[in-house]
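Peer 1: Here is what each chain is made of, one letter per residue.
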Amino acid sequence: MSEIKKFLYVNRKAPYGTVYALESLEVVLIGAAFDQDVRLIFMDDGVFQIKKGQNAEASGMKNFSPTYNALGDYDVNQIYVEKESLEARGLTLDDLMDLTYEDEDDDWAEKKSIRLLSADEIRDLMEESDVVLSF
Amino acid sequence: MSEIKKFLYVNRKAPYGTVYALESLEVVLIGAAFDQDVRLIFMDDGVFQIKKGQNAEASGMKNFSPTYNALGDYDVNQIYVEKESLEARGLTLDDLMDLTYEDEDDDWAEKKSIRLLSADEIRDLMEESDVVLSF
Amino acid sequence: MLHIVNKSPFEKDAFTSCMGHASSSSTVLLIEDGVFAALKGSAVADQLSKAKVVALQSDVAARGIEANLAEGIELVDYAGFVDLVTENRTVQSWV
Amino acid sequence: MLHIVNKSPFEKDAFTSCMGHASSSSTVLLIEDGVFAALKGSAVADQLSKAKVVALQSDVAARGIEANLAEGIELVDYAGFVDLVTENRTVQSWV
Amino acid sequence: MKISIQVNEGPYQHQSSDSAYHFVKSALEKGHEIFRVFFYHDGVNNGTRLASPPQDDRNVQQRWSDLAKEHDLDLVICVAAAQRRGIVDDGEAERNGKDATNIMDGFRISGLGQLIEAGIQADRLVVFGD
Amino acid sequence: MKISIQVNEGPYQHQSSDSAYHFVKSALEKGHEIFRVFFYHDGVNNGTRLASPPQDDRNVQQRWSDLAKEHDLDLVICVAAAQRRGIVDDGEAERNGKDATNIMDGFRISGLGQLIEAGIQADRLVVFGD
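Heads up: the protein sequence lines correspond to chains F, W, A, G, X and Z, in order.
Numbering that gives the first Met the number 0 applies: residue 0 is where the first sequence begins, and numbers increase by one.
Numbering that gives the first Met the number 0 applies: residue 0 is where the second sequence begins, and numbers increase by one.
Numbering that gives the first Met the number 0 applies: residue 0 is where the third sequence begins, and numbers increase by one.
Numbering that gives the first Met the number 0 applies: residue 0 is where the fourth sequence begins, and numbers increase by one.
Numbering that gives the first Met the number 0 applies: residue 0 is where the fifth sequence begins, and numbers increase by one.
Numbering that gives the first Met the number 0 applies: residue 0 is where the sixth sequence begins, and numbers increase by one.
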């Protein structure tokens with residue numbers, strides 16, 4: 000078998016206006032079955048993908064944001080949000096969904112999946128990745 | 000018959016990277032047959048559509064820029080370029096193609112089709128239009 | 000006249016270009032990802048004062064940003080969108 | 000690592016975001032409308048010094064901007080593009 | 000009032016087609032006339048009958064077709080844009096030697112002049128694009 | 000070296016598919032192996048055989064098909080993205096009750112797992128998109 004690779008999903012686009020966010024999430028869910036090291040970055044307009052309180056009913060589109068809550072169950076729990084991107088949009092961490100996972104190495108304690116990073120830390124994350132999928 | 004309407008084509012996108020510039024030009028050529036008052040604005044990245052010296056051969060795409068030279072023959076000679084857009088891109092009027100037409104009211108003298116306008120003048124042009132087609 | 004902006008002001012230049020060409024008497028309607036321009040405290044919020052800015056309710060709701068809007072942003076539904084189109088002689092989309 | 004930018008820096012945020020996240024040892028390859036970022040004297044030209052910037056020759060030629068490029072911009076053909084991909088362990092497209 | 004619509008993007012990839020659909024529906028409910036909906040650029044891809052989107056999502060292409068039937072709408076696909084992208088009716092299949100068609104019921108393929116005419120004849124033209 | 004490619008945009012509307020094509024061609028000429036080309040989002044629209052672009056322009060869809068035959072390339076269209084947009088082969092037509100197909104020779108329809116596998120098995124994955 001191949002070695003484990005570091006997969007990085009870079010999400011830079013807002014949901015609904017274009018399909019990239021939805022179809023990116025579909026890749027992440029399928030990819031979770033492959034036993035690789037998976038990280039997600041939400042930066043630039045990508046931070047809107049995990050905004051709290053999305054309600055797409057009147058727009059006639061499908062609200063796929065609840066699916067992000069399921070990421071923890073798929074062992075996708077390394078989720079990084081860029082601080083500078085939130086600030087430029089007048090948002091804080093409190094505006095985002097509370098994404099969590101249960102840590103099997105710590106008696107299944109519920110832990111936060113989201114970590115806030117600076118642009119410099121995001122840069123380092125990109126540099127150490129093997130495969131970068133950008134949406 | 001209907002009254003003559005002021006048609007304004009607002010070109011804000013660069014050529015080649017996307018198809019909008021090419022397919023916009025196709026609309027202008029067809030539209031020229033309808034005897035309306037036709038104006039074209041090139042602003043923001045749209046100014047690149049009429050950049051001199053385009054050579055698409057190595058890119059494998061079709062160089063459609065010579066077609067802009069034919070606009071004068073179709074009586075499309077009200078062509079406006081935004082000054083601020085050129086400046087932000089490090090360009091001047093000398094970087095653009097010399098689009099001309101023959102003025103039938105002035106013994107078919109060859110005249111320039113392009114006029115340089117400020118953002119404020121572009122705004123006035125938009126306000127006085129009847130139909131705005133944006134690409 | 001009516002300007003329609005459907006692009007995020009953080010990703011694309013459409014909103015900023017529109018506000019730079021809208022007269023103070025015109026109305027700017029934000030739809031689709033354009034509604035993000037109506038966020039309070041954002042890097043583009045200071046441009047909101049240049050014209051009357053209206054946002055499409057259903058696109059604001061889809062993105063969950065009702066509580067994050069700048070003051071004075073009026074919301075309309077699709078019927079209101081249609082009214083804005085019929086009330087204004089000239090309609091320009093900043094696609 | 001190799002960053003690839005295919006968007007105009009005047010229309011979209013990809014180039015500016017890329018330059019804000021590229022280390023000084025990385026290479027930024029401009030293709031498609033991304034080559035406009037290499038123009039001399041433009042509003043984004045001061046960002047070019049943040050990393051090594053290379054542009055795709057055929058996309059520069061298509062747009063007729065060879066004579067308008069900032070100093071120090073290296074041009075590559077598709078074979079050079081392939082080499083950049085194989086020489087760098089990590090490749091990120093700023094789509 | 001008479002309103003014409005231009006749709007520049009295909010289904011799902013961009014919201015443009017959704018927005019145009021809801022606008023048209025609302026304009027009709029308010030008693031306005033939709034002179035024509037012109038599909039240009041990737042917008043021509045709204046006119047395929049071969050899509051099968053997920054059951055829990057809207058069916059963008061079918062919805063246009065249903066609305067056209069209900070209100071006798073004129074949904075026009077640009078022939079030049081359609082030829083580049085592969086949207087084909089019987090006539091186009093015969094002219095270009097294609098062995099299949101994919102156009103959806105309720106759409107027709109015609110020239111760019113139909114867009115200009117839509118701008119001239121209607122009181123408003125609203126563009127939905129990217 | 001083994002290289003995989005992802006194409007996210009359809010033909011003509013964006014240059015992405017052109018760029019990917021020229022990159023793949025050049026990589027093959029330099030002796031590299033193309034493990035797979037995965038077409039996602041509107042990229043699935045590259046796989047239609049129904050297009051008839053102008054004679055004086057390149058034929059984006061046909062060019063991919065020809066290159067695939069010449070070099071035995073694996074051109075994979077994402078099934079979920081294809082269902083939303085109406086790209087159909089015999090199997091999909093039968094499963095979804097469609098009366099026609101439009102897939103181009105040289106392409107196959109498969110799942111998203113093929114993209115992940117392309118990322119794992121190849122030394123590099125290069126994304127062409129918008």
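Derived by calculation from the structure, the hints in this document are not laboratory data.
Careful, some of the hints might be misleading.
Said to hold, decoys possible - Example chain W residues on the side facing chain X (calculated, C-beta under 8 Å, incomplete):
1. Val18
2. Tyr19
3. Glu25
4. Ile29
5. Gln35
6. Arg38
7. Leu85
8. Gly89
9. Met96
10. Tyr100
11. Ser133
All C-beta atoms, glycine included, are put in the ideal place defined by N, C-alpha and C.
Peer 1: Hey, does the Ile29 (chain W) contact hint survive, CB to chain X under 8 Å?
Peer 2: holds, 4 Å
Peer 1: Regarding the hint that Leu85 (chain W) lies at the interface with chain X, is the smallest CB-CB distance below 8 Å?
Peer 2: The hint is violated - Leu85 (chain W) has no Cβ within 8 Å of chain X, the shortest such distance being about 24 Å.
Peer 1: Hint validation: Gln35 (chain W) versus chain X, beta carbon distance must be below 8 Å. Holds or violated?
Peer 2: holds, 7 Å
Peer 1: Minimum Cβ distance from Tyr19 (chain W) to chain X below 8 Å?
Peer 2: holds, 7 Å
Peer 1: Does the closest beta carbon of chain X sit nearer than 8 Å to the beta carbon of Arg38 (chain W)?
Peer 2: violated, 13 Å
Peer 1: Hold the hint about Met96 (chain W) up to the distance rule: shortest CB distance to chain X must be less than 8 Å.
Peer 2: violated, 23 Å
Peer 1: Tell me if Gly89 (chain W) is really an interface residue toward chain X, meaning its C-beta lies closer than 8 Å to one of theirs.
Peer 2: Given a least distance of 27 Å, the restraint on Gly89 (chain W) is violated.
Peer 1: Checking hints one by one. Is Glu25 (chain W) an interface residue toward chain X, by the C-beta closer than 8 Å rule?
Peer 2: Holds. Min distance 6 Å.
Peer 1: Is the hint on Val18 (chain W) kept, meaning its closest Cβ partner in chain X is under 8 Å away?
Peer 2: Holds - the Cβ of Val18 (chain W) comes within 8 Å of chain X, reaching about 6 Å at its closest.
Peer 1: Does the closest beta carbon of chain X sit nearer than 8 Å to the beta carbon of Ser133 (chain W)?
Peer 2: holds, 6 Å
Peer 1: Holds or violated: is the Cβ of Tyr100 (chain W) closer than 8 Å to a Cβ in chain X?
Peer 2: The hint is violated - Tyr100 (chain W) has no Cβ within 8 Å of chain X, the shortest such distance being about 20 Å.
The structure fails to meet hints 6, 7, 8, 9 and 10 from the earlier list, while all remaining hints are met.
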